[in-house]
Amino acid sequence: MDGTVRGLRESAGSGPPRPHAGRRRNELAKADVLGAAVELMRLGRAPTVAELAQECRIGRATIYRWWPSKAALMLDAFVHQAELEVGGGAGLALDGFIRITFAAIALPERRAVLRSVAAEALVDSAAMEILNAFTSARRIALREVLVREAGGRLVSTERLELLVDEIFGVLWYRVLFGHGELDAGTARILVDDIRKRLA
279 MDGTVRGLRE SAGSGPPRPH AGRRRNELAK ADVLGAAVEL MRLGRAPTVA ELAQECRIGR
339 ATIYRWWPSK AALMLDAFVH QAELEVGGGA GLALDGFIRI TFAAIALPER RAVLRSVAAE
399 ALVDSAAMEI LNAFTSARRI ALREVLVREA GGRLVSTERL ELLVDEIFGV LWYRVLFGHG
459 ELDAGTARIL VDDIRKRLA
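Quick note: the sequence shown uses the numbering used here, first residue 279, plus one each step.
Okay, the calculated beta carbon distance ranges per label pair: (1) S434 to R335: 46 to 56 Å; (2) I467 to A328: 40 to 50 Å; (3) E439 to R323: 32 to 42 Å; (4) D470 to I418: 20 to 30 Å; (5) V453 to R431: 25 to 35 Å; (6) R338 to G374: 33 to 43 Å.
In short, the hints are calculated from the structure, not lab data.
From the three backbone atoms N, C-alpha and C, an ideal C-beta is built for every residue, glycine too.
Construct all of the structure, not just a fragment, from the sequences and the given hints.
Below, the structure written as structure tokens:
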């Protein structure tokens, strides 16, 4: 663990982790923990709190003051990674939104991590709160994309909600059950279908 993440950071030119003294709430130390978790999630790994504490040179108790559980920490890292790679969706057309969203979790190892943290969120209220906030924000962003895609045509709230459910339903169904890919071809078919129904 220690060599893996430190090697990634050094190869990126960021140098070894900074030591952080004490157990005080330190935003730089918190960012280090989140960054280390994100780096490992990109490799398809879900690190333990002990591994992250060792890598970032802080106590486990400090990490648990920031995140009440490992599931909450991993979901926070997943959301942080998604925000970096996907963005808010402002100004995107429907094809761009779906393609970028699918690409962010297209790799099997990333889907495996997401399945794991989503399962833990079902029994972890802190993790579920993070997941709900993230999915709510993504739904709002997608609704705005669909309204733009409609090009001024009136679309009922109920219809918009169903279209949002369908698009994210494809994503979650394929993540959870692994029966199909989240590739560019899938995104294109889905976009074509949604556009026909908005016409």
